[in-house]
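Listed below are the residues making up each chain.
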Amino acid sequence: MSEESKKGFSRRSFVKGMGITGGILGASSWVHATPLRYFKPTGIENPLAFYPHRDWESVYRNILAHDSSFVFLCAPNDTHNCLLKAYVKNGVVQRIGPSYGYGKATDLYGNQASHRWDPRICQKGLALVRRFYGDRRVKAPMIRRGFKEWVDAGYPRDAQTGKPDAKYFQRGKDKWLRLGWEDAYKYAAKSMHNIAETYSGKKGEEYLKKQDYDPAMIHALEGAGVQTLKFRGGMAFLGATRIFGLYRFANMLALMDSKIRGVGADKAIGGRGWDSYSWHTDLPPGHPMVTGQQTNDFDLFAVERAKLLIVWGMNWITTKMPDSHWMTEARLKGTKTVAVTVEYSATASKADDVLVIRPGTDPAFALGLCQHIMTKNLYDKDFVENKTDFPFLVRLDTLQPLRPDEIIPGFKEPELNSLHFMKVGEKPPAGKEQKDQFVPESMREDFKSFVIFDRKTKKYIAVSRDDYGDFAKKLKASPELKHQGNIKLVDGTSVKVRTIYSLTQEYLNQNMTPKQVSQITGCPTSGIISLAEQIAKNKEKTIFACGMGPNQFFNADLKDRAIFMVAALTRNIGFPGGNIGSYAGNYRTALIGGEPVYAAEDPFNLQMEKGGKPNVKKYTHYESLHYFNYGDRPLRAGDKMFTGAGHMPVPTKAMWLNNSNSVIGNIKWHYDVVNNTLPKLEFIAYSDWWWTGSCEYADLVFACDSWAEFKQPDMCGSCSNPFIQIFPSTPMERVFDTRADIEIIAGVSKALSKVTGDTRMMDMWKFVQDGNTHEYLQRIIDASATLKGYKIGDLEEKAKQGIPALMNNRTYPRISSYEQARSEKPWHTKSGRLEFYRPEVEFIESGENMVIYREPVDSTPHEPNVIVSKKHEALRAKQPADYGFDKKDVSSETRQVRNVVMTTEEMMKSQHPLRLKNYAHIYHTPKYRHGAHSTPVDTDITSIWFGPFGDVYRHDKRMPSVVEGYVDINPLDAKELGVEDGDYVYIDGDPEDRPFRGFKKGTEEYKVARLMLRARYYPGTPRGVTRTWHNMYGATFGSIKGQETRADGLAKSPETNYQSMYRSGSHQSATRAWLRPTQMTETLVHKTMFGQGIEKGFAADIHCPTGAPREAYVKITKAENGGMNGQGTWRPAALGYRPTYENKAMKEYLKGSFMKRKG
Amino acid sequence: MAKVKNWQIQREMEYPYQEHRPKRQWSIVFDLNKCIACQTCSVACKTTWTSGKGQEYMFWNNVETKPYGSYPLAWDVRVLEKLGQQAWKAKEAYYGKTIFEAAGDNEVAAHFAPKDEDWMYPNNGEDDCLGNVSHGAHLTLPHDKWFFYLPRTCAHCTYPACLAACPRKAIYKREEDGIVLIDQSRCKGYGECVRACPYKKSMYNTHTRVSEKCVGCYPAVEKGYQPMCVQNCIGKIRVMGFVNPPWKIREDNPIDYLIHKKEIALPYYPQLGLEPNIYYIPPIHADRDYLLQMFGPKVDQAIANYKKMKTDPVAQGLMVLIGSSDRILHSFKVKDGVAFGYDEKGDEIVSVPVTEPMFKRAAFDEKLKATRHNTP
Amino acid sequence: MKKNLLLLTIIFSCSGANAQVYAVKKVAADLSKTPQVNGGYWQGVAEIKIDLLAQMMVKPKPAKVQTETAKVQMVHDGKYIAFRIRWNDKEKSEAGKLGEFSDAVALEFPVLDNQNPPPIFMGFKDNPVHLFHWRAQYQYDEMHGKKSVKDIYPNLNADTYPNEFPDRGALKAVSEESKEIFSHGKAAGNPQSAQKKAVDELLAEGFGTSSVLKETDSVAHSEWKEGEWTVVISRALKRPQGSVLEIGKGSSFGLAVWQGGQDEVASRKSITMQWTAFKVEEK
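Protein chains in written order, with this note's numbering: chain A, 15 to 1173; chain B, 289 to 664; chain C, 592 to 874.
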């Protein structure tokens, strides 16, 4: 015991202290262990001045006293990653606190962060103390009864289709059985092997045809059944070894494939990897379209270097909590703060100016700013002429860039310094040593020179990729930005050419004037003009902090391209105080650039030596999870396949995920996945330490150590702060029968080596079995440019003291495009510049070669997804007829590729098809302060704060938990619907496909899936716009059973303890999967994930679908009264303390009338 | 009834006991322009002090959204209602009634007694703004649609209503730090403190059958550490220290500096007459009449002073020093863009830069053979 | 100043007992056991009608008197003396939820000098009174055990309590005492936090000074029926560290009644303004 607690009270100290005999009441049903205290009659004169016996105060000292403490890392999906201190008493963690060690973090050169970083923690981290010991812990390996029976029966399948009998797959309704660890590993290994074998070769193809998979998907399988096994480390950046371990595992399965198909290492394929950043709709898909890199951003603490901060579609105050002080401190020191938002949000309440716009109209809003900046010539000439493609000429016949060799006889492309072309077989330098950009020679054609028109000499001049930034000046030309005219080609023909600037400006002047943009967005013109002028006044000093909001709309990439245009026009990209960042989820594993030496170590050629150099070879193909979400289908509409070959998914037969609740539990279109997609799967495994909605529908659940119980260290980083963080191993004993994630992967691999007889699968995890995961971590560190020079041992020791280390990037804070803004490097694009014109065929056919505005695909009262434009000669989008479907067909599926064009005025008059059926509300589902994704929202003391309906005593038995889901609706809308504040309502999305395709009213499935929740009068959201937060746990078959059978009516599964926060359905009842043609191209050129390479087409987390989870247009109908147990109106409203219900006193109070100003 | 001096309302007032000021007075200053309502303070307090039986509903520290939020339900509306309309002239004493003066013949203090259901919904009103944002908008300061967050602990008042109302005199004020405690060994749970405290920071425990309240984290304060709600404040909006009355100001004391020297921090609902010892830097975007009702007529000046900080390196230094250490800052200094915090003995506890430095690293480290890209 | 004058006059006028002395007959029964509310020995025992007033000496005061009269009967068995007290209360209040208070009644006796009792208002410094305080809430404790929070709020849902887990897994069991560390009143040993017998015994030397006695041998029982409480408190004649009654000699009692349903608690009560004298008869 510590000194502190020794001083704590004991019986003795009381008796001595009081000089009064203590006595113990006779033992009763109420055991009372502490001696009772009796006093003489006590008279006290003035308790302000003196109080006689104060020794009882030791009671509180004793509560605070602890025996010991230790540090662990809390790292959910929130980009912060905080080293927290756990305080132990009686062998139990009693409470958690911050480490105050962030101000001690240093880099390799002795640079040190300041204590302004402290404290790093939040309410969710503090509440973990109730989670380590909570009753929803996964306490041992669990297997679903039906699945076990299928395995034990020897995997019986239908002879024709290969499908197992559905009786074995009653997921969500079945019983669960405990397993020993060795058995759990065996069941997993055998099942994966059986499935891979079943779907390999010709026989496998036959089965899959009979199961009606898209032929293109079957083709993509290449006969390798192992590819039907899908793996995902949930937000793998959060676990360099344990979470990335699943990708290493997938790569390792090439060994199993070579056994099953009898092929060598040259032909073997691994299991498929699923994406992360793009799956979460965190990737801003337009960033690679403009900059060639995954995302342009900066460490958030850079904001104090800006004079103007625009927080755009980002609820910084609720989703970047530990970094909020950087924003509020910047403001108090003089940074003007502006919020672009769709409601009066928490962040709006910290802003000087607030601009409220209609959800999903962000691209239009940004284009409106551009229009004003261009029209008033407020743009930065130098930046626009030399760092963007605006001056480049485009041929109006082909819509392709004009090339020098088309007009200059005998023109030869210069050899480029800014890009190295790799010969076939040539190896790039090691990742951490890659200084310059490189690309396979096969892509040479993608980097041809462009042409500008020189204002002075009136000549056409060739501009190569080397002529970026300041290097452009050596051309001694001043490009004519607005040039257009006819030009004679070398072949004698004459074509019209125009600059990208003039094409763009025409579009903006036609469609995006402040007046038109005000119509579209609802923001007064005053807001558009004043913001445009403030930005133009703050060159290099305006920071755009963009968030998940607009990112979750179908037109997300257009939003990115448009905001980049604003920033480019005003010289605000790549500067410490002037830049663009997009903040949604955590990503950028490239910061730990050595990851491939672990995740893609060649299983055929393992490095077994400590300190040896691993060989890297990737056998795994990746694919986007959005196809699985879409029903395990690619995007086909009319007679066209819109999913590029490089993007093509394969059938999903088995999946294993760790650290993830986003693929079943909180997946978009959740109930469609549960009812239509999961039944096609034969094995679903999860590794987790908390029983989530995903576990509810799994076949096998591995029980993991909680963060506080880690026995094997791990490492992670963040896109929003400069720290490299270690999960230290801790002294806390395992509470339940759990294992480390990485031990579990090693265990399954070992079992697989028994099944296959290939011991290399076991060797793959040698250092895990030796209890020396440090070896893998050190290998990664040594191969990472940002980390080389660190020793994992030292990092872990520091972490145990609550101190992280700094990443060694070019600068602290890290600032994307820093090198480009200083003309040290070109952007990772075709031209080396920021590109605002996309000549690739997919973009032209979609009408998105220019940056244009599209309406949201569902979240709009107007006709969805229409292109807003007057006739424009460079806009040649393919029309429904071209794809062979009816122009009137606006169904969700065809809508995605429908390129119908309307003028602003026509669009504003048009209507969402559902409006005729009493659907009247946009329904969006953003994230909030009470959960990091869905962690740890169901913990009582965090969820009690989640909105206005928290009540730990659950006076109203209808409450699913101590709190419940709700929809925020404008009071005026609610009154029109006859809905009172606090009433229960139903929310229905498009009946064509929501809550799931083929639902039938009256079925159990529908009862579980239909969304019922509280309505909350919310004056901060515009009319027609409703919202439910994204984070809560949805209803399952088990939670409904709990409500119906438990005495206390809790929506808690009697079988699994899963705790729902909705009576039925969830916020995902109204969402669905969406696929977007321009995010599935074969042609977009961009930087590779790691290092300075450049590639094109599909790349997980860089160029692939991102979905549109914030899009839904719904009907809201009253279900029940909000009053206690359904009687009358919800109490706070009935008493007159809620908006529009104000009683007399409340009215006075709101006006401030209880204290009059006098004189 | 005794006549006691209350500097916050600049006059003498009636109170059941003689004036007695402790050697030192525990105090917290909150910057409402920085509060993010994350409830980390509330949960830090809960996991430390009120995770036991009968405490399930209790939040000694809570954060509520004003004007619609409240815990318990409409606590301030209902107390102000009891007090009725009052008036206060800028730069003058408050001549309206305090809750002691408005108590009447039968009660110690004008009050409302919360019912069981009033303690439900601790975050009722979260992010509800005043005024209907019916369509797109362009707001500038002060916002015509607004809300702000109000974090609340016990104010360890100079003239506590809980103490005044306790029939057993089981509530007392500690001489060494002014923290107000309910004697857990003598309280009989009559609930008079629950009724009388206008801020509703005394709470009844149905399991122990006695009342409880915020203890100011005295076990930490006694060791020189800030209370849990302050240590855990990631908005870095709070600083706990010891406040002096205006006639004993020490300018390098962070608390005195913000309250008395800069006059940017004000007590809340001073008109109630308790001389509460938690102070707030008012939100610059909210409605002034409402703020005056809550903070008194000095609020306009306080907001004007706050805005002047843009050009005040010393005040800026203190504002970024706040929350940078878990220890109690007894004094501070700002020099050449660096803010320093000191303990009671004058030894340095922590120092921070007013602007976080920018480190630039060479594009390539020859020794380590490592590139330094910002786009790795 | 005025108030104080008034106070003094009241104290003065109320310090003496009123003229009438009520005889307490002996009955053949063991009153030390839980007494019978409607036991035969109550039949024919004279009923004293006692007028009560709203407590007016100290704040807070009840706005009006809630219990205007109480009916009291007394018997003894040679060792114990029992008081049967009845008053009207339209609702039964046993407390439990937040802001709920219990119905209660208290008997008060002088300690030092039965012939010259101190002022009836809770005694004076160095001149204590001996109180027997019955609460409906305490009666419930004795009969059914102390209500748990879950009894009070049946739908309550808390994930864990300190050192008390739904599934302890590998954790070692923890002693009650270390659980109670986090239950402040219990950790402080406050008798109020323990399970109660139906009646508490206290000593007081003025308002707000009362303190519970450790040893108690009084017992009580009660019944609420058709808007009326009947409570029997039976105490030992001789309570060495409290009031001592002797056979053949007399003393006097004071009475206070609380109606919890009307938020009466502590000084919010109806009380007798004068002592009621009685004599413990031989037979």
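In short, the hints are calculated from the structure, not lab data.
Since we're looking at a predicted model, the values are computed, not measured.
Treat the hints with care, as some may be off.
Unchecked claim - Below 27 Å or equal to it, Euclidean Cα-Cα: the simulated DSSO-like pairs (lysine-lysine) are:
1) A/K441 - A/K281
2) C/K655 - C/K681
3) B/K385 - A/K1158
4) A/K118 - B/K623
5) C/K655 - B/K457
6) A/K321 - B/K511
7) A/K441 - B/K385
8) C/K788 - B/K457
9) A/K200 - A/K189
10) A/K273 - A/K224
11) A/K884 - A/K931
12) A/K1172 - B/K633
13) C/K616 - B/K403
14) A/K1170 - B/K385
15) A/K971 - B/K596
16) A/K441 - B/K596
17) B/K403 - C/K662
18) A/K1014 - A/K694
19) A/K529 - A/K496
20) C/K770 - A/K1055
21) C/K788 - C/K681
22) C/K683 - C/K874
23) C/K816 - C/K829
24) B/K293 - A/K1172
25) A/K153 - C/K655
26) A/K1172 - B/K586
27) B/K623 - A/K321
28) A/K350 - A/K395
29) A/K1161 - B/K586
30) C/K829 - C/K617
31) A/K510 - A/K885
32) A/K347 - B/K549
33) B/K457 - A/K1172
Taking the hints in turn, this is what the structure says about them:
1. A/K441 - A/K281: Between A/K441 and A/K281 the Cα gap is close to 20 Å, so the pair holds against 27 Å.
2. C/K655 - C/K681: holds (16 Å)
3. B/K385 - A/K1158: Holds, because 21 Å separates the two Cα atoms, which is no more than 27 Å.
4. A/K118 - B/K623: holds (21 Å)
5. C/K655 - B/K457: Distance ~24 Å between C/K655 and B/K457 Cα, so the pair holds.
6. A/K321 - B/K511: Given that 27 Å is the threshold and the Cα spacing comes to 41 Å, the pair is violated.
7. A/K441 - B/K385: violated (84 Å)
8. C/K788 - B/K457: holds (25 Å)
9. A/K200 - A/K189: holds (20 Å)
10. A/K273 - A/K224: Status holds; Cα separation ~26 Å.
11. A/K884 - A/K931: Not OK: A/K884 and A/K931 at ~30 Å, beyond 27 Å, violated.
12. A/K1172 - B/K633: violated (46 Å)
13. C/K616 - B/K403: violated (46 Å)
14. A/K1170 - B/K385: Holds, at roughly 13 Å.
15. A/K971 - B/K596: Roughly 52 Å between the alpha carbons, so the hint for A/K971 and B/K596 is violated.
16. A/K441 - B/K596: Violated - the C-alpha atoms of B/K596 and A/K441 are around 60 Å apart, more than 27 Å.
17. B/K403 - C/K662: violated (32 Å)
18. A/K1014 - A/K694: Distance of about 20 Å is within 27 Å: holds.
19. A/K529 - A/K496: holds (23 Å)
20. C/K770 - A/K1055: Measuring from Cα to Cα gives roughly 34 Å; hence the hint is violated.
21. C/K788 - C/K681: Holds, because 24 Å separates the two Cα atoms, which is no more than 27 Å.
22. C/K683 - C/K874: violated (36 Å)
23. C/K816 - C/K829: violated (32 Å)
24. B/K293 - A/K1172: holds (23 Å)
25. A/K153 - C/K655: Measuring from Cα to Cα gives roughly 60 Å; hence the hint is violated.
26. A/K1172 - B/K586: holds (12 Å)
27. B/K623 - A/K321: holds (23 Å)
28. A/K350 - A/K395: Status holds; Cα separation ~25 Å.
29. A/K1161 - B/K586: holds (23 Å)
30. C/K829 - C/K617: holds (16 Å)
31. A/K510 - A/K885: Given pair A/K510, A/K885 holds - Cα atoms ~17 Å apart, limit 27 Å.
32. A/K347 - B/K549: holds (19 Å)
33. B/K457 - A/K1172: Violated. B/K457 to A/K1172 sits at ~39 Å, over the 27 Å cutoff.
The earlier numbered hints that this structure contradicts are 6, 7, 11, 12, 13, 15, 16, 17, 20, 22, 23, 25, 33.
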